[in-house]
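Trainee: Please build the complete structure, drawing on both the sequences and the hints.
Line order of the protein sequences matches chains A and B.
Using my numbering, read the first sequence as starting at 1 and increasing by one per residue.
Using my numbering, read the second sequence as starting at 1 and increasing by one per residue.
Among these hints, one or two may not hold up.
Same chains, same label: a pair holds when it works inside one copy or across any pair of copies.
[As the list claims (entries may be wrong)] Calculated cross-link-like contacts (lysine to aspartate or glutamate; reagent style DMTMM-like; alpha-carbon spacing at most 25 angstroms):
#	residue 1	residue 2
1	248	28
2	5	93
3	248	258
4	248	108
Rather than coming from a laboratory, the hints here were simulated on the basis of the structure.
Protein chains: 2
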Amino acid sequence: MVPLKSYLETGRIDVDGALARLMPPVTEPPSRLHSAMAYSVFAGGKRLRPILVIAATEACGGSREKVMPTACALELIHTYSLIHDDLPCMDDDDLRRGRPTNHRVFGETLAVLAGDALLAHAFHLIGENARVPGVSAAAVAEAASVVGYAAGSLGMVGGQAADWLAEGRDVDEGEVQFIHRKKTGALIAASVTAGAILASADDETRARLSEYGEKLGMIFQIADDILNVVGDASEMGKAAGSDAKKGKATYPSVVGIDRARERARDLVSGARALARGLGERGAILGELAGYALDRKN
Amino acid sequence: MVPLKSYLETGRIDVDGALARLMPPVTEPPSRLHSAMAYSVFAGGKRLRPILVIAATEACGGSREKVMPTACALELIHTYSLIHDDLPCMDDDDLRRGRPTNHRVFGETLAVLAGDALLAHAFHLIGENARVPGVSAAAVAEAASVVGYAAGSLGMVGGQAADWLAEGRDVDEGEVQFIHRKKTGALIAASVTAGAILASADDETRARLSEYGEKLGMIFQIADDILNVVGDASEMGKAAGSDAKKGKATYPSVVGIDRARERARDLVSGARALARGLGERGAILGELAGYALDRKN
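Mentor: This is the structure:
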């Protein structure tokens, strides 16, 4: 088996190459808008969601070449959500990945529009995935449906709204779980599911991967919350403790940091067990579950 | 032939019914977000873009039942663009269709998120269109690609950005045309093209309908600009002259109102000629071109 570190590195390079090909050129008018989009897309992200699309499709016997447009689409959706999340009317953040946020560089108007355009372009790319030889158009249509649902009000945006509506008031563990499952979990899970769909996996495998994806999304969010409390600002690219200052509903603030870690470890065990059910092909997905918890940024 | 007025009325009723079925219920959490989405979707719109999807598909021998999810998707994309256009960082409008704008009722944060969620849900619906019996998945994938492109930085959002970047400085007729073709034209044209794609029309018919759609989009925008100068505020649901006050690049401000009307009439003739090439089935599209110019709001 390829070590996880190499897998992540190769995946990131492949995705960066595909994004460079599949994004509108910054020279295209309006070039200021295209620059704003490129600024946030090429900001040194780890490309985790695209790598999940790839890892899931490979775990089902598919090939990465066939899913690259959809893999890139998931990164564009993630990037758009960060741009809008940072806006003055949302989290009002000045820094993201150690650089000024999009609206701090391009202004609020272009930041809103750059996010909007990235979301639309993502679905253009998913549609274009049907042109890749050997990809079923029915799978592409289903991927568009699943990703659109996960990105919308019953998924990621619903989680962002619930998160914002909960700010500054007391919430219980169930509510934090609801927010997390949607805000981070929905798009992570959709990345995994889209990979399985495009590989035309059978229903049992898809169900297994969906469950794995949901657990993985929760692990990521809990790990982010823990990092926000105890992490190193220089590694994270933003100030530690910023969630607490905003009165955000996080796992550590509701159940304490030890119980948050314990819950994350349980989720990692569950995700690994699901990955094991896929045999040797699922090994990378198993490793990814542990990585999601242990990463430093 | 059905008179245009009945066609528009029946279309609006059919689309309203489909939207009521295809939107997430407002009782679903987060219900404040779903209320914000519903507030703008059910604000008495004429449903022109969905009706164009329907009219185009019927002009190609398709049936409206088969395209309803995509028709509704085009309305959701239009609605999201209005919500974001009205934001304080964009046009900063207080009124839309005679009612307070979304952010005046729900606040800026939920208005941004409601727009985002409508855009994502639109592509969920396009993907779901593949479940309608008799609809080709390849056509659905292509429709997603075309609509995603038209809604993005090389289409509608590109036009919004160019419009904003042009505000308050001198622009020439070519630049106004560029902005119009993208800002309004792209989504109108995509509505027509999506209808043709879903009817599996041949290449020649599709090319004809694309050209028709582009002309129709320009007609709509010029007519909007003229209405903004000479229209009745109570019929338009917003103040007349608001574009000029903002230094917007409009047709009448660049070439004068007479030449703007002349240009629109030329476009109507061109669009009608293209519709005539479809025979009797294209009659409604021909009428729609004249309606686009002569409407009062």
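Trainee: Each hint should be assessed against the structure and marked as holding or not.
Mentor: Going through the hints against the structure:
no.	hint	verdict
1	248 <-> 28	between (39 angstroms within a copy, 22 angstroms between copies)
2	5 <-> 93	neither (30 angstroms within a copy, 50 angstroms between copies)
3	248 <-> 258	within (18 angstroms within a copy, 57 angstroms between copies)
4	248 <-> 108	both (23 angstroms within a copy, 19 angstroms between copies)
Of the hints listed earlier, the one the structure fails to meet is number 2.
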